[in-house]
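Q: Protein chains in written order, with the numbering used here: chain A, 1 to 156; chain B, 1 to 156.
Identical copies carry no separate label here, and so any pair may be met within one copy or between two of them.
Within a straight-line C-alpha distance of at most 25 Å, the following computed SDA-like cross-link-like pairs (lysine to any residue) qualify:
hint, residue 1, residue 2
1, Lys144, Asp38
2, Lys144, Leu39
3, Lys118, Val54
4, Lys144, Ser45
5, Lys71, Lys144
6, Lys144, Asp85
7, Lys144, Thr91
8, Lys144, Arg47
9, Lys118, Ser45
10, Lys71, Ile27
11, Lys71, Asp108
12, Lys71, Val124
13, Lys118, Glu21
14, Lys144, Gly51
15, Lys144, Glu28
16, Lys71, Val22
17, Lys118, Arg47
18, Lys144, Leu93
19, Lys118, Gly51
20, Lys118, Leu39
21, Lys144, Val53
22, Lys144, Val54
23, Lys118, Asp38
24, Lys71, Gln120
25, Lys96, Gly40
26, Lys71, Gln23
27, Lys71, Glu58
28, Lys71, His116
I should point out that these hints are in silico values taken from the structure, not numbers from a laboratory.
Protein chains: 2
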Amino acid sequence: MLTAKNPNESDREADAASAGEVQPMLIEIDHIAIAVHDLGDAIDSYRDAFGAVVDHREVVDSDGVEEALLKVAESYVQLLAPTRDDSPVATYLEKKGEGLHHIAYRVDDCATVLEHLKAQGHRVIDEVPRPGSRGTTVAFVHPKAIHGTLIELVQE
Amino acid sequence: MLTAKNPNESDREADAASAGEVQPMLIEIDHIAIAVHDLGDAIDSYRDAFGAVVDHREVVDSDGVEEALLKVAESYVQLLAPTRDDSPVATYLEKKGEGLHHIAYRVDDCATVLEHLKAQGHRVIDEVPRPGSRGTTVAFVHPKAIHGTLIELVQE
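With the hints as constraints, model all of the structure from the sequences given.
A: Following this line, the structure appears as structure tokens:
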């Protein structure tokens with residue numbers, strides 16, 4: 001953290017003191033993104049396996065993906081397929097195959113959370129919030145920042 | 001699917017007909033599990049980054065893991081660290097590093113959903129439901145079954 005630790009204190013105590021009062025920022029798991037090769041096949045699989053149906057479907061040209069959102073309570077399962085070979089999701093599929101791609105947390109104010117993370121020294125992918133699908137404002141935090149997980153912040 | 005397709009019908013229509021009426025089975029994203037090396041470190045990271053605090057912490061001896069659940073609305077982020085070298089999570093960390101490990105869906109009746117998936121020919125890890133953490137009943141579906149994702153069914 002930002003302050004030198006007193007060797008007489010436990011790490012946890014020192015961290016808590018230096019972290020101060022971080023208010024709860026995560027108001028919902030907005031979605032879990034699952035990278036798939038074929039969006040139609042994946043939609044069929046989730047319908048047949050779980051009776052899950054598509055709530056929203058959208059091509060996001062800037063990211064080179066097409067997504068299908070399956071609503072689960074107040075969250076979504078986001079099936080995510082590449083629309084071109086140079087999209088990050090295409091690269092992901094080539095390297096790792098189909099599977100869990102990122103987790104998105106719904107937050108009240110994307111810019112505030114992003115600035116908080118940057119101020120803590122966390123590496124981000126989006127330096128400022130940008131438009132996401134279904135009219136949201138989003139920002140991605142780098143997977144190296146917080147325990148290997150690609151995290152998206154979503155403001156509705 | 002199980003019936004021959006009429007070439008005059010679209011694939012989707014044929015699939016819908018053969019799939020019959022699969023009722024919606026997913027009532028909540030119960031949790032997203034994130035494999036981490038050190039549970040204390042990960043808990044500190046989520047507290048400092050997002051103000052997320054531990055709602056429940058438990059060692060699950062049978063799985064060789066210790067988990068910390070951070071509550072986000074009606075769902076949890078499950079930080080998951082191995083307690084011994086031969087636990088599946090230890091193997092996962094060695095092969096893939098820290099990151100998204102599995103998605104758990106809350107269902108009304110774990111046994112019914114599991115039998116439905118087995119009847120559809122899906123490969124499962126648990127042939128019958130078993131006790132999970134915090135008094136739940138759980139079953140894991142094999143990651144090869146549904147688009148590369150390790151899926152857990154959770155009944156509270």
